[in-house]
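Visitor: Each chain, written out:
Protein chains: 2
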Amino acid sequence: MQRKIYLDMHSREEAQRLFWSRFGQRTTEAETIPSRLARGRVTAAPVTARFSSPSFHSAAMDGLAVRAEDTFGASDDTPRTLRIDTGEAVPVNTGYPLPPDKNAVIMIENVLLADDGATGVIRAPVYPWQHVRKVGEDIVATELLFPTGHQLRPADIGALLTGGCATVRVRKRPKVVIIPTGSELVRLEDYPDAPPAGKTIESNATVLAGLAEQAGAEVAITPIISDDFATISRHLQATVASEADLVIINAGSSAGSADYTVRIIEQLGEILVHGITIMPGKPTILGVIDHKPVVGIPGYPVSAIIAMEQLVVPLLARMQGVHVDPPATVQAVLAKDLPSRSGIEEFRRMIVGRIDDRFVAVPLKQGAGAITTLTRANGMLRIAAASEGEIHGREVTIELLVPRPQAERTILCTGSHDLCLDVLGDLLRKQDPAYPLASTHVGSLGGLMALKQGMCHLAGSHLLDPMDGSYNTSYIRKHLAGRDIRAVTLVHREQGFIVPKGNPKNIASIHDLFGEGIRFINRQAGSGTRVLLDYELERHHLDPDAILGYDQDEYTHMAVAVAVLSGKVDTGLGIKSAANALGLDFVPLVEERYDLLLPGELFDTPMIQAVLTVINTADFRQAVEALGGYSTRETGRLVER
Amino acid sequence: MQRKIYLDMHSREEAQRLFWSRFGQRTTEAETIPSRLARGRVTAAPVTARFSSPSFHSAAMDGLAVRAEDTFGASDDTPRTLRIDTGEAVPVNTGYPLPPDKNAVIMIENVLLADDGATGVIRAPVYPWQHVRKVGEDIVATELLFPTGHQLRPADIGALLTGGCATVRVRKRPKVVIIPTGSELVRLEDYPDAPPAGKTIESNATVLAGLAEQAGAEVAITPIISDDFATISRHLQATVASEADLVIINAGSSAGSADYTVRIIEQLGEILVHGITIMPGKPTILGVIDHKPVVGIPGYPVSAIIAMEQLVVPLLARMQGVHVDPPATVQAVLAKDLPSRSGIEEFRRMIVGRIDDRFVAVPLKQGAGAITTLTRANGMLRIAAASEGEIHGREVTIELLVPRPQAERTILCTGSHDLCLDVLGDLLRKQDPAYPLASTHVGSLGGLMALKQGMCHLAGSHLLDPMDGSYNTSYIRKHLAGRDIRAVTLVHREQGFIVPKGNPKNIASIHDLFGEGIRFINRQAGSGTRVLLDYELERHHLDPDAILGYDQDEYTHMAVAVAVLSGKVDTGLGIKSAANALGLDFVPLVEERYDLLLPGELFDTPMIQAVLTVINTADFRQAVEALGGYSTRETGRLVER
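Read top to bottom, the protein sequences are chains A and B.
Letter by letter, the first sequence follows residues 1 to 641 of the working numbering.
Letter by letter, the second sequence follows residues 1 to 641 of the working numbering.
Because the hints were derived from the structure by calculation, they are not lab data.
Misleading hints may appear alongside valid ones.
Copies of the same chain look alike in the list, so a pair counts if it works inside one copy or between any two.
[Said to hold, decoys possible] Below 25 Å or equal to it, Euclidean Cα-Cα: the simulated BS3-like pairs (lysine-lysine) are: (1) LYS568 x LYS478; (2) LYS134 x LYS501; (3) LYS430 x LYS175; (4) LYS452 x LYS478; (5) LYS478 x LYS292.
Note that the structure is a prediction, hence the values are computed from the model and not measured.
Let the hints inform the model, and build the full structure from the sequences given.
Guide: Written out as structure tokens, the structure is:
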């Protein structure tokens, strides 16, 4: 196990400066391309018009071309008759050339034409050059149409063509070559049914290519290269010698026994930076071989994307001579404490939504390995290296990953987890694409707290009151006293023991959790399912501590089901739909009610009304029933208070 | 001249409702495509994962895989030795499968390896599942990855591949066919040297295609069709019968004698709307043939773009099931009165910049024919149909055509016009792409007023004080008393009479303006050039009213030069570089100084410093001298106050 830990970590700012100062001033070459194909490209030189537009005096209106002097004196009292038959007035359509002896156009609406069209009567004069588009009114030949460094939009192409520029000098697209490395990687297309044991599907190369293409680059992806020093080295050398303007190796940038990237770049060229104090993204390598930038991008998908966006995308813009603006931001109230290690700049993926007049930011989980933390996020919080984190309720600056209006219309749903929320989110988008439903899971009690603090629009809850068998109402009364909280029943659902197919350990009741060697997985404190388990244990006078795994918990039904599926545990308490989804067996324990709770003051907003509309559709009920383990007999009912 | 004036004009809102309600609910069909090619596409169904990720318990760190239980009790005082040679601890790299009998990973940084690698010593325990990425930690098979209607970004493609989705169901791109019509139209490629007399270069089709492509459509453009009823009708029928989802005819949508579009659509199908109370864009036609939307887009380039963006682009989004957000806006102070006809919703192209802490919006000219009003604009002001206009100094809402930061860094330059400003703007972008220089022209005195009102960053000025021969200083003292205004000399330049090549009318001095039949073109009141002319006339005791054309004016030197070139006039007063640009001759009258004036409080801003840096480069001086008619002997000098 050869190791070379990054000894000289750089901050992001230092790394950017070191890297960009080396390459950032060097733009790509210029090339001449047809203007019709130039949308999105960046001008490499000032563009001047070759033709004037209009290139002749032309009629700006449909009407009669005249000498303005011939119309002077016309009025309601002294209408004037113009001779069309003699050419005193000449009918013209918009855009037609003005006859050489004419200098104005009368709008056809202002002419009373004789039936034979030989004459026209007017009751007002026109002034010279009225309703005439004069030569060069839009564009004068030789004038500057666009300065250097202008990114061409559709209308700009119109100006180029109109100005006689059939071709335009633009910066070449930077050529990026991406080399995926890793003996553990396989292509999904080669294993459509499942990756071989111990193998991982390569996905970063396509993601990095997409980011580079968005930044204006041309991208090639090489085949996957195994973790072999000589092969990678040979391959990298050949790529650098090719037409590439920038080479990306992914991954092997860390410090494992098969992480050759840093040694290879060192051997072929020079390492500028190895290790950046960012998280995710720490094991990034910035190097140079034969004067070309070579970047070792980390293997974890979120690390890869953040390293790419922080270091490479801005460089690609600079290579095209384009200024890079910082991302748009909003100020948002943080829904959770976020401790962070000092000395590391942390990038936390967030879901942002607007509740009343403020934005709320809900952090997603932290792992660099979870691509879904990025696909679900609509914002990013940077916790500065000097900071030890941010605290719940503080106003923080969120960089938006989507247009601001999209963040504004995002529905924040939290509390208890249920698979029906996905059905709801999907049907909601089908009914009205305006409202993305973003759900996070903190358990039923956590949802009540979020409601209390104004941190969510909706909270899923299934809190049983053992005293009277009611759900949620007594908890709302206790924790949200004085607040107008409405509860809408989403579903009734079966809770029970999720067990492997065939139920090999013969779990039949709560007593079986105490069987010899039975490994259990719990749900987190504050979740309705945990409340249910504890209630059932107490009701049967059973000792929780005697359950193997009572102190191990997961946050969702699906995570419990996965623990069972993977053989990590023998059973856990959860909903039937989660067992069904993974083809597991299920031992029912109780049926319970699952409600969506929401603040009364939001009830009449279009956002919430859109949600309630969907819940009351037959489509929703059918889709839910199809999951199994649900009853929709009270779905959509407003719970009486 | 057959006419059918639009009798039933619709408001934009009515037109949108009528049109979209007919087609807006109908999405395009779904198709299955490779996920790798799906960036930017919109999901047509919920996408669920086929594989879990990770698909096996894997090491989250480089290190030793162990049973956590074997590490309990390890501490600084009681270090524990793990046997690697016997398999008690197994070296693993990040991403490697966890051996089946292990349940945790110790980071390699926390292991003291023996030289022979046979053992490792640890000084702290790990807990079960520490540094392990558990099965399904990121994605659980069967879980929802994306709801219907999600537009796929690069990271999303990563989630699709990781989740085992090699293909994805997406909406087909809407197919748009654009039919350019007009006997006056030619293709630039067929006439690279100049359009034939009376002909116009077709450019709208490519612009409309670009807008449709940006909105996700696939676009085909047919050849140009002449203004012939039967030909257009046959062509339109064939196009509708093809695979097109939406057909655009451009133009013939107005009411001229060759405007057949409305009659043809009426004959083949149904007219929903003919004429919308917007300007530009009034003669828009919305129709339906064989259940397909057919749009008659007006011919003026700005009308075409506005009609396309208001009516068609949102429909293309709806066809893909995507929500359309309104454009981003800023509040800005209006730099000029903008009267507007009541009953018409007017779209005014604007240049927006930020001065100190407020945005300022400067209107560009109005004409629907001037594509450059759109290419130069970075914002749009809508004047509501009910409004009679907006007034100078009022705060108005500007829809941004560029990202907000780009508007924030736009330099507003106004006042007098000089060709050197284009050179400055180009070199500025080359030096620092951050700062677009947007210049408008209101004459020197207009520039002083703009400075006074905080409506510009820079104002070009060449106001001669006849008393002492000085430039600008006395005017600043008079009009901007008490204000800290700095003046930086940009150039000295030659003013004189612009005359046709060969000077056929033998203009030699100011006295020749009074020659028999000599047609003159003036500059607007308040321009430095007008001040100069009036001063020269007074000095020679000449009567302005005796000059033919003294009361006709233009706003720029280039417009004067064009008037001479087109034969509209025999001469006008202007700068030599304008004559040079159009290959005209020039009769020098005086040399004058042209300064850039700016508020002292902006002097040290990066924006202004960037401008001053460029002015002081040799590149700038060389480029200016190359235009002819300039001296740079004092260029960049701060004028003493």
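Visitor: Indicate, hint by hint, whether the structure satisfies it.
Guide: Okay, the hints, checked on the actual structure:
When the C-alpha separation of LYS568 and LYS478 is checked against a cutoff of 25 Å, the pair qualifies neither within a copy, at 38 Å, nor between copies, at 86 Å. For the homomeric pair LYS134 and LYS501, the shortest alpha-carbon distance between copies (20 Å) is at most 25 Å, but the shortest distance inside one copy (83 Å) is not. Taking identical chains as interchangeable, the C-alpha atoms of LYS430 and LYS175 lie at most 25 Å apart only when they sit on different chains, with a minimum of 22 Å there against 39 Å within one chain. With identical chains, the CA atoms of LYS452 and LYS478 are at most 25 Å apart within one copy only, with a shortest distance of 11 Å there and 63 Å across copies.
Within a single copy, LYS478 and LYS292 get their C-alpha atoms no closer than 65 Å, and across copies no closer than 59 Å, so neither meets the 25 Å cut-off.
Of the numbered hints stated above, those contradicted by the structure are hints 1 and 5, listed in ascending order.
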